[in-house]
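Undergrad: One letter stands for each residue in the lines below.
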Amino acid sequence: MLARLGAARSGGLLALALAVALLPLALGNQYLYDVAILVGLNAIVCVGLNLLIGYAGQISLGHAGFFALGGYGSAILAVRYGWPPLATLPVSVGSVTLLAFLIGRPILRLKGHYLAMATLGLGVIITVVLATADRFTGGPDGMSVPPLALFGRALAGERAWYWLVGALLLACVWLALNLVESPRGRALRALHGSEVAAEMIGIDSARHKLAVFVLSAGLAAAAGGLTAHYSGFITPSQGSFLRSIELVTMVVFGGMASTFGAVVGAAVLTTLPQLLTPLKDYEMVVFGAVMMFTMIFMPRGIVPTLAALFKPRTRG
Amino acid sequence: MSLLRAEGLSKEFGGVHAVQALEFAIQPGVVFSIIGPNGAGKTTLLNLITGIYRPSAGRIWLEERELTGLAPHRFAAAGIGRTFQNLQIFFNMSALENVMAGRYLHERCGLAAAMLRLPGLARAERACRDEARELLALVGLERYAEEASEGMPYGALKRLEIARALAARPRLLLLDEPAAGLNPTETQEIDRLIQRLAARGVTVVLVEHNMRLVMGVSDRVLVLDYGRKLAEGDAESVRRDPRVIEAYLGAEARDA
Amino acid sequence: MSAQLLQVLFAGLTAGAIYALVALGFSIIYNSSQVINFAQGEFVMIGGMATVSFLHLGLPLPLAALAAVAATTLVALALDKLAVERARNASVVTLIIITIGASILLRGLASLVWDKNIHALPAFSGDKPISVGGATLLPQSLWVLGVSLAVLAALWWFFNRTLYGKAMLATSHNRLAAQLAGISVRRVLLVSFGLSGALGALAGILVAPITFTAWDVGVMLGLKGFAAAILGGLGSGPGAVLGGLLLGLAEALAAGYVSSAYKDVIAFVIILAVLVLMPGGLLGRRAAERV
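Chains as they are written, first to last, in the working numbering: chain A, 1 to 316; chain B, 317 to 572; chain C, 573 to 863.
The set of hints was computed from the structure by calculation and includes no laboratory data.
There may be inaccurate statements among the hints.
What the hints assert, rightly or not - Distance ranges between label pairs, derived from CB positions:
hint: 1; chain 1: C; residue 1: ALA753; chain 2: B; residue 2: VAL346; range: 42 to 50 Å
hint: 2; chain 1: C; residue 1: LEU631; chain 2: A; residue 2: PHE101; range: 52 to 60 Å
hint: 3; chain 1: B; residue 1: MET527; chain 2: C; residue 2: HIS745; range: 33 to 41 Å
hint: 4; chain 1: C; residue 1: LEU578; chain 2: B; residue 2: ASN402; range: 53 to 61 Å
hint: 5; chain 1: C; residue 1: ILE702; chain 2: A; residue 2: TRP83; range: 51 to 59 Å
hint: 6; chain 1: C; residue 1: LEU721; chain 2: B; residue 2: GLY324; range: 47 to 55 Å
To be verified - Which chain C residues face chain A? A few, computed with CB under 8 Å, are given here:
hint: 7; residue: ARG658
hint: 8; residue: ARG660
hint: 9; residue: VAL685
hint: 10; residue: ASN689
Just so you know, even glycine gets a beta-carbon here, dropped at the ideal spot from N, CA and C.
Generate the whole structure from the sequences, applying the supplied hints.
TA: And the structure:
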């Protein structure tokens, strides 16, 4: 069993690594590279969000808020205070992580729809503040962000970013897989299975929930910061409720409690709108229809549904 | 020194006293049963001594350590484990994983260490797996190891909960109606299991309705009625106590 | 009472009544199915926009409104029959995603069927403001409050005095027992969607003369209605109304006395605070987990 588990995991990692390494062969132009990079950045957020939703069984309808804060934090420090980008990113991510820690303690005591509402409210508050505090943030139109500079040379160009994001994604997936398969990962799944029983085997549910919440917020902030420096621009809509919903949909669509599912979900739902741009006016209709269709007929998400198709039948 | 002690323990829910002014002491190494008619407050008492309910009044000690008012996971960390009347199996995991999860307290694992997969973790995982298999064998469930817990029969799930609770190596194990819903054969297995546990030195607290099981396996019995202590003593004397007979079967049975 | 305070209260009550109607829509569906229908806001939007269309077709306002409510109800029923019922056994999160997908779909359809412009509905009885105690009140606000009250009375009568209404309440308390008593849970769910659709449409038609309507008004209104339902305690009808009114008042007070820019923030901050201090909402059921 251990061997089989090992194979599935390292097989998956290998496949992902190969995909990242070989994909450039299929990326013919800058636009396609751009899409691939966005997929990677979304996937990083989704891997973290999946730990929170799929494994720990919580919900967050405001995660885009952390994403936007990460971007704005880095942007503001760089633009208004002239900090070097290598310092702005970590400080921004660290601050968002701290915020998540402080706000997470009280709101994670909530459950179900109440937790959903609290995270939703948090996301809305962040977005409105970002749009209104225009002295710092440039208001609803957003602000421009300087490029990331490593050792004096600006990191520009799709290819360089592609490899950076690809490497980071692989690292995040590896870390997430390790966590899930560790005793801590089991503790998270136990929490999801039955919080009271988990407590009775010594699991401090409040602390574990908070840890995953903070971790996923940090990942979102990091991805947000990178996105800001990559696109050179950031607007408050990056933190909107609609964006948060997109992220949750990617996680559920790809398959909850599946790290690879999160990556697949991000990939499909980031590229789909791009594919639909020729159908501009029909984009929303098709997107909504696809969401509904897949959730009705593949309620567990893509990866678990496909995995079940290939799984050998257990003894009856 | 007693293992678990309670003084003046009370719990009320909006005016209803589920448990009132309870006092008892449980000695290490015994099988201690709590019985009483429905609504007597047995499960409330269990929830109180596992930290799931906070007492409205009174105090609880495990040996010399006071546990009153602590969160449930601290009760667990102190050495108290339990099973549940309404199964609380981790249905999102296999049987083996359920038991492995039970070992949480003995597998300290920081977040960073987990994510970085520090060496030693693989070895620890193997040891955890092996011990979990042993426990499954102890309760007679070794053939379900890799099975999803969702598909297991009810009787097996009750024993799985016991295996999971044992994985934490508790000093005090609370079993909340382990024989509920089981047929006589399965009940006998539970009986034998409890005796095996007692032989291993685990102090067992049993809440049960099945009188034959209780009388056959207990060293001491506490009888509750309307949230208060009605009687306490060894199995035989409790069985013959007229107040107990009256509470269960009515005054006529007592006089019969 | 100062004129400004009175003005703010009028505005708050009007908005609050709308939020209450939307929140009720959420509560009714939640009670039958534990599902949060994120397309609720779109029902509000369709109500307003459809009325505009029917007016253009030449129907007089009352008929146009009625037709719009009917159309929205049909959309709601379709949503239940085609999507929610099919996914009956899915997890709550999956159902949420389905309704979110539905809201995106409906918004997309709205932008195609109509357009992305803002449309106005004529006020029901003219827009000459009425002066009360130094403050001005739009006659449309009176319509909002009056119709809302009538609707609330009708709903109360339905749920507490008719057999079917009581059956629906029973389903919300204990689904299995209701089924065993012969109540068709599927039919109850269908009726819930229909009712919520009608409520949403009504809210949209009532408020359109004041705030205008467009293809995307559903998003914020839906969010706020959801927030109001949570504020009052999900699943509680009176809670939904209370939550809606409180939310409307809080917003108006914040806009009037603190800063209209941060109006939305204040409302959600209050909700966050209430949730943290009273995890079940103001009137919500405090379910004790039986172990």
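Undergrad: Confirm or reject each hint.
TA: How the hints compare with the structure:
Take ALA753/C and VAL346/B: their Cβ atoms lie about 48 Å apart, and the range 42 to 50 Å holds. About 57 Å separates the C-beta atoms of LEU631/C and PHE101/A, a value consistent with the hinted range of 52 to 60 Å. Checked against the hint of 33 to 41 Å, the pair MET527/B and HIS745/C passes, with Cβ atoms roughly 35 Å apart. Between LEU578/C and ASN402/B the C-beta distance comes to about 55 Å, which sits within the given range of 53 to 61 Å.
Separation of ILE702/C from TRP83/A is about 57 Å and conforms to the stated range, judged on CB atoms against 51 to 59 Å. Between LEU721/C and GLY324/B the CB atoms are about 53 Å apart, so this pair conforms to the stated range of 47 to 55 Å. At its closest, the beta carbon of ARG658/C sits 5 Å from a beta carbon of chain A; the interface hint therefore holds under the 8 Å criterion. Taking 8 Å as the C-beta cut-off, the interface hint given for ARG660/C is violated, the closest approach to chain A being about 10 Å.
Because the beta carbon of VAL685/C sits about 10 Å from the nearest beta carbon in chain A, more than 8 Å, this interface hint is broken. Nearest Cβ of chain A to the Cβ of ASN689/C: about 14 Å, over the 8 Å cut. The hint is violated.
In this structure, the earlier hints numbered 8, 9, 10 are contradicted, and the remaining ones agree with it.
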